[in-house]
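Asks: Below, each chain spelled out in residue letters.
Protein chains: 2
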Amino acid sequence: MSVRIDIDRLSARIAALGRIGALPGGGCKRLALSPEDAEGRALVTGWFRDLGLELHSDQFGNTWAIRPGRGGTTAAPVLMGSHIDTVATGGLYDGALGVLAGIEVIEAVSEAGIETERPLAVAFFTNEEGARFQPDMMGSGVATGALDLAAMLAQPGIDGMTVGEALSRIGAAGPEPAGALRPSCYLELHIEQGPVLERAGRAIGAVTGVQGISWSEFTIEGAAAHAGTTPMDMRRDAGVVAAGIVAEARAIARDFGPPQVATVGRLQFAPDIVNVVPERAQLTVDLRNTDDATLRAAEARLAERARALAEAEGCTLTQRSLARFAPVGFDPDLVEEIAQAAAGAGLSGCKMPSGAGHDAQMFAPLCPTAMIFVPSQGGVSHNIREYTSPAQILPGVQLLAQVALARAGHRQDRT
Amino acid sequence: MSVRIDIDRLSARIAALGRIGALPGGGCKRLALSPEDAEGRALVTGWFRDLGLELHSDQFGNTWAIRPGRGGTTAAPVLMGSHIDTVATGGLYDGALGVLAGIEVIEAVSEAGIETERPLAVAFFTNEEGARFQPDMMGSGVATGALDLAAMLAQPGIDGMTVGEALSRIGAAGPEPAGALRPSCYLELHIEQGPVLERAGRAIGAVTGVQGISWSEFTIEGAAAHAGTTPMDMRRDAGVVAAGIVAEARAIARDFGPPQVATVGRLQFAPDIVNVVPERAQLTVDLRNTDDATLRAAEARLAERARALAEAEGCTLTQRSLARFAPVGFDPDLVEEIAQAAAGAGLSGCKMPSGAGHDAQMFAPLCPTAMIFVPSQGGVSHNIREYTSPAQILPGVQLLAQVALARAGHRQDRT
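Residue numbers (this note's numbering), protein chains in the order written: chain A, 1 to 415; chain B, 1 to 415.
Any given hint might turn out to be false.
[Stated by the list, open to error] Label-pair ranges, simulated between beta-carbon atoms:
1) A:162 x B:296: 31 to 39 Å
2) A:308 x B:135: 34 to 42 Å
3) A:162 x B:39: 39 to 47 Å
4) B:377 x A:23: 48 to 56 Å
5) B:378 x A:308: 24 to 32 Å
6) B:179 x A:251: 54 to 62 Å
7) B:255 x A:251: 17 to 25 Å
[To be verified] Calculated from the model, a selection of chain B residues having no Cβ within reach of chain A, i.e. all distances over 10 Å:
8) 177
9) 192
10) 366
Hints listed in this document are in silico derivations from the structure and should not be mistaken for laboratory results.
From a predicted model like this one, the values you see are computed outputs, not experimental measurements.
Don't be surprised by glycine CBs; every beta carbon is placed ideally from N, CA and C.
Isolated chain A, as found in the complex:
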């Protein structure tokens, strides 16, 4: 392959974007549609422009840039994409890597004088993280029709401002309709955000799909009571029920075995006073599995046990689904192509599912889609210590370039 990826240029762009919303101690905070996000968008769009690409943005702020193929920019492009928003304590690589690697691939392809049959494109999608506005993967969901535009514009954020207001505030809404972007193929390079590659000593993950995700919120209502004066047999302790649900989530993961995972990330007591039996407890359970039937079995067991625990304590229980994504399978041919290319390049790779959600999963129903993972040091992500070294990034970008060019119909310039 005659394309030469300039890892220093890419690293410089990662660092430059990371300076926007930089946090003390490292990492950055660029919540979706915040002033920092606006600044990040301007920087990245400037790079699109510097490369002479054709700029597009839709009414939801999703932004993409096209390098013409042999027939210009009208054919469905091979799209490389991800996001540039972050969580409140984000790192420099989650999302940003996929977008900036797409820029690097296009710049390297142009430097190599390569003409492709199909256009190459690079995109960033609005609000992948869901840290300010729920749900996550919102922009790619709107772009692919999985989420309703009007409903998403009306979603309020954690600060009370709606998505629509925030888009207007920073002038991020573009002229094109939400469904305007129609790629022929979607590729996303991303850090793993987990410890699997590092632990296995592998350089590349050919991502087979995304685990199904089930988020439930349980609210338990008991009775506040004095910790000293209330006999145990007269208590209706919402906290004891909540603790039982935490234990059950762990037991489900143990009994079902990998790839089943279960996490209680949020748990709150009210009134949360040392000497008052909790009147109310609220917790979330995050269940994930690559197999939808198994995931449903996990959900059913958890719901049944929660109900029984609440009943035994004389508490009421309400359960609410916060999010439910069925497992998504990526295109087997494209996944195999990535795995073969990795092997051909002498890289240690493996096929693996993604434990996290990504914009790619929104495109999977529309066109051949796959992802390439590179390792996250210590498995750390959504954290200012998130890190993947330039030496770990480079093979991922080379692979991205190779597969993107193959799918775009690589033709060496004949001049």
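Got chain A sorted already, so can you dock chain B onto it with the hints?
Replies: Below, chain B without anything else, positioned relative to chain A:
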């Protein structure tokens, strides 16, 4: 007995005091040394003055009023006391009842033209609740020498102001030294704040003492990790350890049996995000027992199990004692006297320990001390729905008058 308790007059005083800091829907908020507390102090002190009593207050704001005995006001009085501060969502009876019943007893005794050998006195103590300034029972602790005056004056409140500053702000500090009040006998009428009397259908509790109280705070440090990308066997989940400690506290209460109680009132996760394994969890465990050796056994079992749970999860655990009061026994003769008097008056009574802390426990080492409980409807206290009816209060006040007069050396006026 020739003393006639005027329950309507007492009810009117309870209502009048309850209007200060009144909350929507009932109850009131008079945090210690707040402007509302200042207003409450002025109202109650005015009633002291109306009865022609000799007023005293010490440098910590503890305030008492003396009705002379045969030898004037110099002999050690029979003291009836409690507090008039409340928690943030307090009721009208907790504390206020003991103080206003003391006023009623003295007024009724005077109306009956009774002369006593010893003086009768009524007192309210600063900051019994500990809702604004920790620890609770602070004023009675300072008055009896159990707590250090200078250290308590320096204690910061939840709003950052120290006790000393708050005393000055509302002008509550008096001229007398902290140890000036030395009763010959201490009696406190209080609502039970629990459901035991109501459930047993009893009108009066002759309180044998106060349960020992052990408050521990456990802090668990694990590692934040992505809920989707982190295999279960690589997790160090602080929340799972916390939930295990909640379950163990409940198991200890079950295995030890009554009167052992165990409560986890506070529990917090960090970062408390749906899809992040908790990095940190903090919880409190409140253990109580009337027997100190049993309480120590409960503490030891909990600490050992917490350590094992943390170790199994690869987390670190720190344990801190927030408060520790050994069980307090009241004067057996005085308790028996109350029980006998109740029986003599045809009241259904029982001897019982107090599950909550009270000012009385501070006086127990100094002089014969006991408490009288009247029922709390539904066992509800520290809540705007706290309620004890006038018909339930009346026998308690009559008993208080009878025992106080007996201890003061009741002599009918000879005129």
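Asks: Give a verdict on every hint.
Replies: Comparing the hints with the structure gives:
| no. | hint | result |
| --- | --- | --- |
| 1 | A:162 x B:296: 31 to 39 Å | violated (57 Å) |
| 2 | A:308 x B:135: 34 to 42 Å | holds (39 Å) |
| 3 | A:162 x B:39: 39 to 47 Å | holds (45 Å) |
| 4 | B:377 x A:23: 48 to 56 Å | holds (53 Å) |
| 5 | B:378 x A:308: 24 to 32 Å | holds (27 Å) |
| 6 | B:179 x A:251: 54 to 62 Å | holds (57 Å) |
| 7 | B:255 x A:251: 17 to 25 Å | holds (22 Å) |
| 8 | 177 | holds (32 Å) |
| 9 | 192 | violated (7 Å) |
| 10 | 366 | holds (23 Å) |
Going through the hint list in order, the structure does not satisfy hints 1 and 9.
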